[in-house]
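Protein sequences, first through last, are from chains A and B.
Every letter in the first sequence is one number past the one before it in numbering that gives the first Met the number 0, and letter 13, counting from 1, is 12.
Every letter in the second sequence is one number past the one before it in numbering that gives the first Met the number 0, and letter 207, counting from 1, is 206.
Any given hint could turn out to be false.
DSSO-like cross-link-like pairs, simulated, lysine-lysine; straight-line CA separation at most 30 Å [stated by the list, open to error]:
1) A/K25 with A/K57
2) B/K329 with A/K247
3) B/K60 with A/K183
4) A/K208 with B/K78
Honestly, the hints are just simulated from the structure, not real lab data.
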Amino acid sequence: MSKIKVGIIGPGNIGTDLMYKVFRSKNLEMGMMAGIVESEGIRRAASLGVPVSTEGVKAIAAQKDIRLAFDATSAAAHVKFNGPALKEAGIISIDLTPAALGPYCVPSVNLAALQMEPDINMVTCGGQATIPIVYAVSRVAGAAYGEIVACISSKSAGPGTRANMDEFTETTAKGIELVGGADKGKAIIVLNPAEPPLMMTNTIMVRVKDSSVGLEAISASIDEIVAELKTYVPGYQLRVPPMLEGDKLTTIVQVQGQGDFLPEYSGNLDIINAAAVAAAEQIAAEMLAMEKGA
Amino acid sequence: MAKIILVDTTMRDGSHAIRHTYEAAQAAAIAEGLEEAGVPILEVAHGDGLGGSSYTYGFSKSNEFDLVRAAASKVRRTKVAVLLLPGIGTIEDLKQARDAGASVVRVATHVTEADVSAQHIAAAKELGMMAVGFLMMVHMTSPEHIAEEAAKMESYGADYINLADSAGYLMPEGVTDRIKAVRAAVKIPVGWHAHNNLALAMANSLAAVEAGAEYVDGTLRGLGAGAGNTQLEVLVGVLNRRDIETGVDFYRVMDLAQDVVDPLMQRPQVVDNGSLMLGYAGVYSSFLLHVYAAAEKFGLEPRDILVELGRRGMVGGQEDMIIDVAYQLKQKGGVA
Numbered sequence: 000m001s002k003i004k005v006g007i008i009g010p011g012n013i014g015t016d017l018m019y020k021v022f023r024s025k026n027l028e029m030g031m032m033a034g035i036v037e038s039e040g041i042r043r044a045a046s047l048g049v050p051v052s053t054e055g056v057k058a059i060a061a062q063k064d065i066r067l068a069f070d071a072t073s074a075a076a077h078v079k080f081n082g083p084a085l086k087e088a089g090i091i092s093i094d095l096t097p098a099a100l101g102p103y104c105v106p107s108v109n110l111a112a113l114q115m116e117p118d119i120n121m122v123t124c125g126g127q128a129t130i131p132i133v134y135a136v137s138r139v140a141g142a143a144y145g146e147i148v149a150c151i152s153s154k155s156a157g158p159g160t161r162a163n164m165d166e167f168t169e170t171t172a173k174g175i176e177l178v179g180g181a182d183k184g185k186a187i188i189v190l191n192p193a194e195p196p197l198m199m200t201n202t203i204m205v206r207v208k209d210s211s212v213g214l215e216a217i218s219a220s221i222d223e224i225v226a227e228l229k230t231y232v233p234g235y236q237l238r239v240p241p242m243l244e245g246d247k248l249t250t251i252v253q254v255q256g257q258g259d260f261l262p263e264y265s266g267n268l269d270i271i272n273a274a275a276v277a278a279a280e281q282i283a284a285e286m287l288a289m290e291k292g293a
Numbered sequence: 000m001a002k003i004i005l006v007d008t009t010m011r012d013g014s015h016a017i018r019h020t021y022e023a024a025q026a027a028a029i030a031e032g033l034e035e036a037g038v039p040i041l042e043v044a045h046g047d048g049l050g051g052s053s054y055t056y057g058f059s060k061s062n063e064f065d066l067v068r069a070a071a072s073k074v075r076r077t078k079v080a081v082l083l084l085p086g087i088g089t090i091e092d093l094k095q096a097r098d099a100g101a102s103v104v105r106v107a108t109h110v111t112e113a114d115v116s117a118q119h120i121a122a123a124k125e126l127g128m129m130a131v132g133f134l135m136m137v138h139m140t141s142p143e144h145i146a147e148e149a150a151k152m153e154s155y156g157a158d159y160i161n162l163a164d165s166a167g168y169l170m171p172e173g174v175t176d177r178i179k180a181v182r183a184a185v186k187i188p189v190g191w192h193a194h195n196n197l198a199l200a201m202a203n204s205l206a207a208v209e210a211g212a213e214y215v216d217g218t219l220r221g222l223g224a225g226a227g228n229t230q231l232e233v234l235v236g237v238l239n240r241r242d243i244e245t246g247v248d249f250y251r252v253m254d255l256a257q258d259v260v261d262p263l264m265q266r267p268q269v270v271d272n273g274s275l276m277l278g279y280a281g282v283y284s285s286f287l288l289h290v291y292a293a294a295e296k297f298g299l300e301p302r303d304i305l306v307e308l309g310r311r312g313m314v315g316g317q318e319d320m321i322i323d324v325a326y327q328l329k330q331k332g333g334v335a
């Protein structure tokens, strides 16, 4: 069966982990790994038989058979160079930076509505881990307010996250509102340096609009979306099952990464990559179906 | 010895002890008293800093910018400070606080994570504010490591470094070592923030001053998270006895504590058993009242929850994990 070729811009830890996930995909194959300088990531990709380039987005845009590209660089690079160049080349962008040129994508919630978008944004790692739960609550009981606390191990918080904590809290809060369906969103991030590193843990609290729906119905909705999430993040699980006190719904989830390239405790990095690849796979499946039909 | 600059945080750390129920009129009254007593800096914010009002840390009764505005309206010489924890508060919050009258921000991070403060310290300097690098939970790492983290904050533009024994865990010699190590590593002044969980807040503050700290935090009646902070009016008396200049009027600060702060206290500020366990196990002081609530909800012994939080190495801001710990303990039959 044929596959859709993808490019990855940014051969760092995120880009390399994405590449290993593409290797496992049934609809995707690596078309190119591109960076802007020689690096360990470029050498690793080349040694695994992947075409590589240090010409960045230009090299990917020049590949006629690449249909999708992951951007694992920075928000500034996506806005200035990568986003526009990919759009011009007719390549769909799956943006892992906080640039958000295109709409937010949380695959278990809204991917179906984004099939025709030229540029989709993966929100934040904390957003991928928590917005599905907020959505699962809001779709059955409404959500006046959604609050999340994401705890990630210090070792899995890269320099990009550290230099811009506000980007995480503000973008995630916006995602809780726009995709999660809460009238108001709030996001908190805590870095914990404990050794051995802690698994990514997220607490989700929602003020529901209609508590008469009851815990059972809300829990069933959450279980359904957790099952969906597990199809692309097998290590996603509820640590503390949903509790309803008055109109306050609380649950705690843990995200164990798949350990493709990054350690298992980096569930935060794994889930945003897994979500990006899940989105790409579904878009590729549509492309393949259309080609078959044509 | 240099003059010591006292920083009152009755309206920030003290906010924990009254579950963030300050009202504008109370903020104005306390600020007016601190101005009259000559306290150089007062801090006002949610206990967990700007943006702290939440399910996780407790919702504030009043908008915190209204509290800042009320305090700022009563001061001329006393500077108004706010606390900001990157990951909770944002630069947008800081701008609003500045517009409400704050001229100082203390940017607080866990002791090993100073690099998350770079963005906020830089923003504060651009806004024309005094910026303080505030390292929390300093018992959790060595003096040498703390010195490295403090130097990072200095490089971002911090005007002084404040070390916080957020768990009230340290003994005086642990304070001395840490203050000295940071003083040797940075050119800017160093400050100290104590918690009284092992009844050592005053002794530790004195040790900090003797080791060269130039800024010291305190609160009226010791109002603060856990067993509270260094009791400000007592600190003024103690420093007077040591012939250390603070510029603060002893009688006025005593009267302010008795007449204005006493009446708004909701519980005696003592070392109760939970607070003692915070200090003993090295747990963030703000967890205390949340732990009592979780213990009651799950039918557990608060000390068991506290010990488990300490064992897991939870840091400031992880109040949400109290429910996680309580739930897991309950599953195991309530035994740690």
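Going through the hints against the structure:
no.	hint	verdict
1	A/K25 with A/K57	holds (27 Å)
2	B/K329 with A/K247	holds (21 Å)
3	B/K60 with A/K183	holds (18 Å)
4	A/K208 with B/K78	violated (42 Å)
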